[in-house]
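Each residue of the sequence shown is one higher than the one before, starting from 1 at the first, in the numbering used here.
Keep in mind the hints are simulated off the structure, nothing from the lab.
For glycine and all other residues, C-beta sits at the position ideal for the given N, C-alpha and C.
Among the hints, a few may not be true.
So the derived label-pair ranges between C-beta atoms look like this [said to hold, decoys possible]:
{"hint": "1", "residue 1": "K20", "residue 2": "E64", "range": "19 to 25 Å"}
{"hint": "2", "residue 1": "K73", "residue 2": "E3", "range": "19 to 25 Å"}
{"hint": "3", "residue 1": "S69", "residue 2": "A4", "range": "28 to 34 Å"}
{"hint": "4", "residue 1": "E3", "residue 2": "E25", "range": "20 to 26 Å"}
{"hint": "5", "residue 1": "S69", "residue 2": "K7", "range": "31 to 37 Å"}
{"hint": "6", "residue 1": "G24", "residue 2": "S77", "range": "28 to 34 Å"}
{"hint": "7", "residue 1": "S33", "residue 2": "K13", "range": "18 to 24 Å"}
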Amino acid sequence: FSEAGEKKFKTLKKVNLPEKSPEGETITAIGKSAFRGKGIEAVTIPETVTQIGDFAFNSNNLKEIKLPSKLEKAGMSTFA
Numbered sequence: 001f002s003e004a005g006e007k008k009f010k011t012l013k014k015v016n017l018p019e020k021s022p023e024g025e026t027i028t029a030i031g032k033s034a035f036r037g038k039g040i041e042a043v044t045i046p047e048t049v050t051q052i053g054d055f056a057f058n059s060n061n062l063k064e065i066k067l068p069s070k071l072e073k074a075g076m077s078t079f080a
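Could you put together the complete structure from these sequences and hints?
Written out as structure tokens, the structure reads:
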């Protein structure tokens, strides 16, 4: 994340992930440890995502998770 992105995570508690990257590419996967320990309480993952890496949302305060219907794989300890 950019410095500005890191600052947002200090106050942002609900995350709605986009279907496309800033470059216009469809997001189909969330990488290993991508949002680990960011203090997120709620996340909505778009329908375009089919895979979520190990520990992607590990060590958060998740109370609400909206998963895509086409999710094929969630890695080890993804939401622990």
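Evaluated hints:
1. K20 - E64: 19 to 25 Å: About 23 Å separates the Cβ atoms of K20 and E64, which means 19 to 25 Å holds.
2. K73 - E3: 19 to 25 Å: Roughly 32 Å apart at Cβ, these two residues miss the hinted range, so it is violated.
3. S69 - A4: 28 to 34 Å: holds (32 Å)
4. E3 - E25: 20 to 26 Å: At roughly 23 Å between Cβ atoms, E25 and E3 fall inside 20 to 26 Å, so the hint holds.
5. S69 - K7: 31 to 37 Å: holds (33 Å)
6. G24 - S77: 28 to 34 Å: Holds, at about 32 Å.
7. S33 - K13: 18 to 24 Å: holds (19 Å)
Violated hints amount to a single one, hint 2; each of the other numbered hints is respected by the structure.
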